[in-house]
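> In terms of mature numbering (1 follows the signal peptide of the UniProt record, and there is no 0), the sequence shown is residues -21 to -1, 1 to 138.
By construction, these hints were calculated from the structure, which means they are not laboratory data. Among the hints, a few may not be true.
Computed list of lysine-lysine pairs in DSSO-like fashion (alpha-carbon distance at most 30 Å, straight line) [claimed, not checked]:
| id | residue 1 | residue 2 |
| --- | --- | --- |
| 1 | K101 | K25 |
| 2 | K129 | K101 |
| 3 | K52 | K129 |
| 4 | K15 | K79 |
| 5 | K129 | K116 |
| 6 | K15 | K128 |
| 7 | K129 | K76 |
| 8 | K68 | K116 |
| 9 | K52 | K68 |
| 10 | K129 | K23 |
| 11 | K23 | K51 |
| 12 | K25 | K56 |
| 13 | K51 | K124 |
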Amino acid sequence: MNSKRLFASLLLAALPLAAQAAPSLEQSRFADLDAKPVAMSAYKGKVTVLNFWATWCGPCREEMPMLNGLRKKLAPKGVEVVGVALDNKEQVAPFVKQLKIGYPILLGNDDTLDLMRSLGNKTGGLPYTLVLDRSGKVAATLTGKLDEKKLEAAVKPYL
């Protein structure tokens, strides 16, 4: 083995395992509230607002009615809102029903926090929102509670 290959092998071995195995959004699989698997590729062709949240997160709960309204407003333009809950189904299902959430809610899994971090949310804070263009690529990342004006401005270039 030449010295360049040896160095490259040693460098690769020195990388943290988590960095080598960071999940990608395209490869991620979630489950809906009926435990059916959902791939993010299901939303290709639409501008997708992907909102990571939890029932225990106050700002997450506060922005959900706005997300619901934005979906109704922008759905005719090919926009979909998708929530990914970092919670268990027993807590999420009654919460979604109580708030009358009309957009798809998916359940995060053991890899979801690592996925969020690999997508720019280094601290793992919630809410965390991505805007995906029609090809499924991350077009914008938004940390913290959103207002409608800020979110519409992030979505508008991709309509």
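> Does each hint hold? Answer for all of them.
Going down the list of hints, with the structure as the test:
no.	hint	result
1	K101 <-> K25	holds (27 Å)
2	K129 <-> K101	holds (21 Å)
3	K52 <-> K129	holds (15 Å)
4	K15 <-> K79	holds (20 Å)
5	K129 <-> K116	holds (20 Å)
6	K15 <-> K128	violated (33 Å)
7	K129 <-> K76	holds (26 Å)
8	K68 <-> K116	holds (28 Å)
9	K52 <-> K68	holds (28 Å)
10	K129 <-> K23	holds (23 Å)
11	K23 <-> K51	holds (19 Å)
12	K25 <-> K56	holds (9 Å)
13	K51 <-> K124	holds (19 Å)
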